[in-house]
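Trainee: For the protein sequence lines, the chains are W and X, in the order given. Here the first sequence is numbered in our numbering, starting from 1 and rising by one per residue. Here the second sequence is numbered in our numbering, starting from 274 and rising by one per residue.
Watch out, some of these pointers could steer you wrong.
Taking lysine-lysine pairs in the DSS-like style, the calculated list, with each CA pair at most 30 angstroms apart, reads [said to hold, decoys possible]:
#1 W:Lys-22 with W:Lys-126
#2 W:Lys-181 with X:Lys-355
#3 X:Lys-450 with W:Lys-159
#4 W:Lys-159 with W:Lys-57
#5 W:Lys-138 with W:Lys-105
#6 X:Lys-355 with W:Lys-138
#7 W:Lys-57 with W:Lys-126
#8 W:Lys-183 with X:Lys-355
#9 W:Lys-138 with X:Lys-450
#10 W:Lys-57 with W:Lys-138
#11 W:Lys-57 with W:Lys-267
#12 W:Lys-159 with W:Lys-175
#13 X:Lys-450 with W:Lys-151
#14 W:Lys-151 with X:Lys-355
#15 W:Lys-159 with W:Lys-231
#16 W:Lys-126 with W:Lys-181
#17 W:Lys-105 with W:Lys-267
#18 W:Lys-70 with W:Lys-241
#19 X:Lys-450 with W:Lys-231
#20 X:Lys-412 with W:Lys-175
#21 W:Lys-181 with X:Lys-317
#22 W:Lys-183 with X:Lys-317
#23 W:Lys-105 with X:Lys-450
#24 W:Lys-138 with W:Lys-175
#25 W:Lys-140 with X:Lys-355
#26 X:Lys-317 with W:Lys-140
#27 W:Lys-175 with W:Lys-105
#28 W:Lys-113 with W:Lys-151
Counterexamples of contact, computed for chain X against chain W with all Cβ distances above 12 angstroms [unchecked claim]:
#29 Tyr-338
#30 Leu-395
#31 His-404
#32 Leu-479
Hint data in this document are derived by calculation from the structure and do not stem from the laboratory. The structure presented is a predicted model; accordingly, all values stated were derived computationally and were not measured. From the three backbone atoms N, C-alpha and C, an ideal C-beta is built for every residue, glycine too.
Listed below, chain by chain, are the residues.
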Amino acid sequence: MIFYVTANIKWNNLRIRGTEMKRTLTIFSMLCFIFFCAYPSGALADEVTVSAAISLKNAFEEIGKLYEAKYSKTKVLFNFGASGDLVRQMVGGAPVDVFASAAQKDMDDMNAKGMVLPGTRADFAKNSVVLVAPRSGKIKSFEDLATERIKRIATGNPKTVPAGRYAAEVFDYYKLMSVIKDKLIYAENVRQVLDYVARGEVDAGVVYSTDAAVRSAEVSVAAEAPESSHKPVVYPIAVMKGTRNEAAAKAFVDAVLSKEGIAILKKYGFRIP
Amino acid sequence: MIMDSSVVFSLRLSLQVAFAATVLIIVIGLPIAYLLARKNFPGKELLDISLTLPLVLPPTVTGYYLILAFGRNGFIGRYLYKWLDWSIMFTWYAAVLASFVVALPLMIKTGRAALEGVDRNLINAAYTLGHSEWETALKVTLPLAKRGLLAGIVLSFARALGEFGATLMVAGNIPGKTDTMPLAIYSLSASGEREQAAGMVVLLTLVAALFLYLANRYSRRIF
Numbered sequence: 001m002i003f004y005v006t007a008n009i010k011w012n013n014l015r016i017r018g019t020e021m022k023r024t025l026t027i028f029s030m031l032c033f034i035f036f037c038a039y040p041s042g043a044l045a046d047e048v049t050v051s052a053a054i055s056l057k058n059a060f061e062e063i064g065k066l067y068e069a070k071y072s073k074t075k076v077l078f079n080f081g082a083s084g085d086l087v088r089q090m091v092g093g094a095p096v097d098v099f100a101s102a103a104q105k106d107m108d109d110m111n112a113k114g115m116v117l118p119g120t121r122a123d124f125a126k127n128s129v130v131l132v133a134p135r136s137g138k139i140k141s142f143e144d145l146a147t148e149r150i151k152r153i154a155t156g157n158p159k160t161v162p163a164g165r166y167a168a169e170v171f172d173y174y175k176l177m178s179v180i181k182d183k184l185i186y187a188e189n190v191r192q193v194l195d196y197v198a199r200g201e202v203d204a205g206v207v208y209s210t211d212a213a214v215r216s217a218e219v220s221v222a223a224e225a226p227e228s229s230h231k232p233v234v235y236p237i238a239v240m241k242g243t244r245n246e247a248a249a250k251a252f253v254d255a256v257l258s259k260e261g262i263a264i265l266k267k268y269g270f271r272i273p
Numbered sequence: 274m275i276m277d278s279s280v281v282f283s284l285r286l287s288l289q290v291a292f293a294a295t296v297l298i299i300v301i302g303l304p305i306a307y308l309l310a311r312k313n314f315p316g317k318e319l320l321d322i323s324l325t326l327p328l329v330l331p332p333t334v335t336g337y338y339l340i341l342a343f344g345r346n347g348f349i350g351r352y353l354y355k356w357l358d359w360s361i362m363f364t365w366y367a368a369v370l371a372s373f374v375v376a377l378p379l380m381i382k383t384g385r386a387a388l389e390g391v392d393r394n395l396i397n398a399a400y401t402l403g404h405s406e407w408e409t410a411l412k413v414t415l416p417l418a419k420r421g422l423l424a425g426i427v428l429s430f431a432r433a434l435g436e437f438g439a440t441l442m443v444a445g446n447i448p449g450k451t452d453t454m455p456l457a458i459y460s461l462s463a464s465g466e467r468e469q470a471a472g473m474v475v476l477l478t479l480v481a482a483l484f485l486y487l488a489n490r491y492s493r494r495i496f
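Can you make the complete structure from the sequences, with help from the hints?
Mentor: Encoded structure:
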């Protein structure tokens, strides 16, 4: 890029005079100064960072408001993503106080690394796995995925996205995997699957029933996967070891498990274990 | 360094995508650069700006525009899907498209500057000696601007090889289908397979450095 800029200046015979250059540099350095001062480096002690499965987004944002209003003066910062990605971030050193994942496996991974604060882990929500299609879609069941007219099926990447792992289990249950393998489009998280379906880029996708409800104007639920076709979708939550604010982190878990918290989760379609 | 089949696939796909995008850039970008350098027409600067925007816009913005245009419901993609029952999204062609749009400005900017740098007297001499516009371009203008044009091509190839953001948005990140090296590196490091990623990181760095060296060599001799 530097090459390109210098070359361009020379070729265009653009002459930047000394004083103009100086003025530009002065303005530039002032801007740099302002920006570096404006953002304090490092997190503050009166913040609590919650890394949560992205399927929890809408419910947790509302619980966050409840928490800030009722439980603590602490500010909640959310970091939503695929549970597997969130685990990588934390293993890589991301300072997180509370972790909520969409599968037991990801919390087990954290536990195996000794990063879960003992005694704080709790299962707080259940979900179901559904097949969704664009509103104009023409499928009725998982078996329909094998048909000719279904060209693209979106699921989460099973490596990092729990919903992708559940989807793979459901496909195996219906013995579809070998037939539909080449139709699969892997997304980075379950909300991206939902977006692909809502935009009509794919013919079908596998998400949680709570996700399907978020964009019910654009997607319709074609079928629900039977409970026996995949591992139960049970969401665990826990405080992370090394939290800088254990009381506030525990208070957030309490808010999720509280009556109001449960009511919010139910409102967004989660079931309570 | 682990060189398993998926790494080889990503390397091959990356080169294939960058090569296809560069061919498109030469076929489409070079005439546009020539037009911008040699002709005056209404909307000239607007054309230059709109084609150069992907150079300064975040690739995610470029990707967003590409989805608007080429998605199944996009204003062009809609008709492709209706008439051909085909969509470019999530295919390796989409990766070519993204790399093409993002790398095109490097060809146009570098090419335009190189062509504008050609001595007008030599071009006018060719005209007075009876050469047509076409002949003058082929025998005088383009050969004189050769090094700058080559630098543009090399830079475009290097940029196409490294394209990530717009590619992720339109081609997805499908293992064995559209995961070019930058995308594969992202997936591997996100899922914690650092050793696998390291090999590709080193490889891409070396390739990029080689292309910058070539671009520098070509451009230096122009002056």
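Trainee: Give a verdict on every hint.
Mentor: Here is how each hint holds up against the structure:
no.: 1; hint: W:Lys-22 with W:Lys-126; in the structure: violated, 62 angstroms
no.: 2; hint: W:Lys-181 with X:Lys-355; in the structure: holds, 25 angstroms
no.: 3; hint: X:Lys-450 with W:Lys-159; in the structure: holds, 16 angstroms
no.: 4; hint: W:Lys-159 with W:Lys-57; in the structure: holds, 21 angstroms
no.: 5; hint: W:Lys-138 with W:Lys-105; in the structure: violated, 34 angstroms
no.: 6; hint: X:Lys-355 with W:Lys-138; in the structure: holds, 16 angstroms
no.: 7; hint: W:Lys-57 with W:Lys-126; in the structure: holds, 15 angstroms
no.: 8; hint: W:Lys-183 with X:Lys-355; in the structure: holds, 19 angstroms
no.: 9; hint: W:Lys-138 with X:Lys-450; in the structure: holds, 26 angstroms
no.: 10; hint: W:Lys-57 with W:Lys-138; in the structure: holds, 29 angstroms
no.: 11; hint: W:Lys-57 with W:Lys-267; in the structure: holds, 13 angstroms
no.: 12; hint: W:Lys-159 with W:Lys-175; in the structure: holds, 20 angstroms
no.: 13; hint: X:Lys-450 with W:Lys-151; in the structure: holds, 15 angstroms
no.: 14; hint: W:Lys-151 with X:Lys-355; in the structure: holds, 14 angstroms
no.: 15; hint: W:Lys-159 with W:Lys-231; in the structure: holds, 16 angstroms
no.: 16; hint: W:Lys-126 with W:Lys-181; in the structure: holds, 28 angstroms
no.: 17; hint: W:Lys-105 with W:Lys-267; in the structure: holds, 26 angstroms
no.: 18; hint: W:Lys-70 with W:Lys-241; in the structure: holds, 25 angstroms
no.: 19; hint: X:Lys-450 with W:Lys-231; in the structure: holds, 29 angstroms
no.: 20; hint: X:Lys-412 with W:Lys-175; in the structure: violated, 64 angstroms
no.: 21; hint: W:Lys-181 with X:Lys-317; in the structure: violated, 48 angstroms
no.: 22; hint: W:Lys-183 with X:Lys-317; in the structure: violated, 44 angstroms
no.: 23; hint: W:Lys-105 with X:Lys-450; in the structure: holds, 28 angstroms
no.: 24; hint: W:Lys-138 with W:Lys-175; in the structure: holds, 21 angstroms
no.: 25; hint: W:Lys-140 with X:Lys-355; in the structure: holds, 23 angstroms
no.: 26; hint: X:Lys-317 with W:Lys-140; in the structure: violated, 53 angstroms
no.: 27; hint: W:Lys-175 with W:Lys-105; in the structure: holds, 23 angstroms
no.: 28; hint: W:Lys-113 with W:Lys-151; in the structure: violated, 41 angstroms
no.: 29; hint: Tyr-338; in the structure: holds, 14 angstroms
no.: 30; hint: Leu-395; in the structure: holds, 17 angstroms
no.: 31; hint: His-404; in the structure: holds, 25 angstroms
no.: 32; hint: Leu-479; in the structure: holds, 18 angstroms
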